[in-house]
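Colleague: Letter by letter, the chains look like this.
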Amino acid sequence: MAEKGRYKWPLITIIVIVAALMLVIAIGFTIGFLSENPDGLERVLIDYYGEEWLENLYSPWIPFLSWITNDYVAGIIGTVLSIALLMGTFYLITRLKKRKLE
Amino acid sequence: MHIPDGLLDPITTIVLWIVTIVIMILGYFRMGRMFEKEDSEKLIPYIGVLAAVIFAFQFVNYPVPGGTSGHLVGGTLVAIILGPWASVIVLFLILVIQSLFGDGGITALGANAFNMGIIGGLIGFYIVVLFIKLLNKTSLKKELKVTISTAIGSYIAIVLASFICGIEIGISGTIPIEIAIPAMVFWHLLIGIGEAIISALIVFYIYKTKPDFITTESILGMK
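In order, the protein sequences belong to chains A and B.
For what it's worth, our numbering labels the leading residue of the first sequence as 5, then goes sequentially.
For what it's worth, our numbering labels the leading residue of the second sequence as 603, then goes sequentially.
Excised from the complex, chain A in its bound form (with noise of 0.2 Å):
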C-alpha cells in the first residue's frame, strides 16, 4: 500500500501532463499560439546560407526515431522514454551513493 500511495500522486501527474500536452497540440496549431518557425539558431542559419543549406547538412546518423512525424505520438513516446531514462539513471545513482555510504 505504502508503494502504490508513493506512486500514485506522481503517475496521476504524469498523465495530466501528457494529456494536457495532447491539447495543446491539438488546440496550439489550430487557434495559431503555437509556431512550426525555425528556432533561433535555425532562424539564423537560415538567414546566412537558406533553408535548402539546412535540410542538406551532413550528418553521419540517422536518427532512430525520426520516421515518427505525428506530434501526438512523438509527444507521447518522448515523453514515457524521458521518464524512464532519467528515472532509471536517478534511481542508479541513488543506488551507488547509498553504497558507497554503507
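Since the hints were derived computationally from the structure, they do not count as laboratory data.
Every value quoted in this text rests on a predicted model; they were computed, and no experiment measured them.
From the three backbone atoms N, C-alpha and C, an ideal C-beta is built for every residue, glycine too.
A hint or two may mislead.
Claimed, not checked - Computed list of lysine-lysine pairs in DSBU-like fashion (alpha-carbon distance at most 30 Å, straight line):
no., chain 1, residue 1, chain 2, residue 2
1, B, K739, A, K104
2, B, K644, A, K102
3, B, K812, A, K101
What the hints assert, rightly or not - Non-contacting residues of chain B with respect to chain A, defined by C-beta distances greater than 12 Å in every case (computed):
no., residue
4, M603
5, D607
6, W619
7, H673
8, Y728
9, K744
10, I758
11, I773
12, A798
13, K810
14, I816
Place chain B on chain A using the hints.
Modeller: Relative to chain A, chain B alone:
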C-alpha cells in the same frame, strides 16, 4: 538552440564533449546530499514528473516576432528544483532522447549539453543565487524572491548560452563569428522572455503546491 550534426568542426565538437563529460562526472560526486539520504528514493517518481514536464514543454513552440519560435529549455528550472549539478545530467539525458527524434545532433550532444545543461543549468542557477542575495535585502515573500530570481536567471542563462553557441559556430567556421554572435544573441533576447515566464510560473506553482519539491532552498539561501 539545438545544434545539428555537421555544424561544428571536429575539434570544437571533441573539446565540448570532453568538458561536458568531465562536468557530468564532477556533477555525480558533487550532487546534493539529498541523493544519499535514506529516503532519497522518494525523489525518483518526482524526477519522472519533472522529465514529463520538461519534455512536454520543449514540445510547445511559441511564436516569436520576426519569424522564429522558442520553447522552454528548462536548465535553470531543473537546477532550482534538483540542484545545479543534477541539472547537467538531467538536461544531457533529455537531449539524448531529443537527438533520437532528430532534434539536435548526436555528435553535437556534447555541445548542446554544454550550452543548455552547463550554461543553462549550472551557470543559470548561480545567477539565480546572486539575485536572491540581492532580493534578500527587500521585504518580499520567499516565493516571490525565488520566482523573480528564476525569471531573471533563466533569461540571462538563455542569452548567455546563445552567445556561447554563437562563438562555437563562429570558431567552427560555419558563419563568421562577427555575424554569428550578434544574430544568435538578438533572437534569444526575444526567445528568452518565454523561457523566463514559463520557468518562473512553474517555480511559483511548485512553491504554492509542493514547496518541499524545491530541494535547493539551503543553497539558494532561503533556509
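Colleague: Compare the structure with each hint and give your call.
Modeller: Hint by hint, here is what the structure shows:
With a CA separation close to 41 Å, the supplied pair K739 of chain B and K104 of chain A exceeds the 30 Å bound. Taken as a hint, the K644 of chain B and K102 of chain A pair is honoured in the structure, with Cα atoms around 14 Å apart against an allowance of 30 Å. Proposed proximity of K812 of chain B and K101 of chain A is supported: the alpha carbons are some 26 Å apart, at most 30 Å. A cut-off of 12 Å between C-beta atoms contradicts the statement that M603 of chain B is not in contact with chain A; the least separation is 5 Å.
Once the 12 Å rule is applied to beta carbons, D607 of chain B is inconsistent with being away from chain A; the minimum gap is 4 Å. No Cβ of chain A comes within 12 Å of the Cβ of W619 of chain B; the nearest lies about 14 Å off, and the non-interface call holds. The Cβ of H673 of chain B does not lie farther than 12 Å from every Cβ of chain A; its closest approach is about 7 Å, which violates its non-interface assignment. Against chain A, the non-interface label of Y728 of chain B holds: every CB pair exceeds 12 Å, the least being about 22 Å.
Under the 12 Å C-beta cut-off, the non-interface status given to K744 of chain B relative to chain A holds; the minimum distance is some 24 Å. At roughly 16 Å from the closest C-beta of chain A, the C-beta of I758 of chain B stays outside 12 Å, upholding its exclusion from the interface. A cut-off of 12 Å between C-beta atoms confirms that I773 of chain B is not in contact with chain A; the least separation is 15 Å. The Cβ of A798 of chain B lies farther than 12 Å from every Cβ of chain A, with a closest approach of about 15 Å, so its non-interface assignment holds.
Every CB of chain A is more than 12 Å from the CB of K810 of chain B (nearest about 15 Å), matching its label as outside the interface. No beta-carbon of chain A comes within 12 Å of the beta-carbon of I816 of chain B; the shortest separation is about 16 Å.
In this structure, the earlier hints numbered 1, 4, 5, 7 are contradicted, and the remaining ones agree with it.
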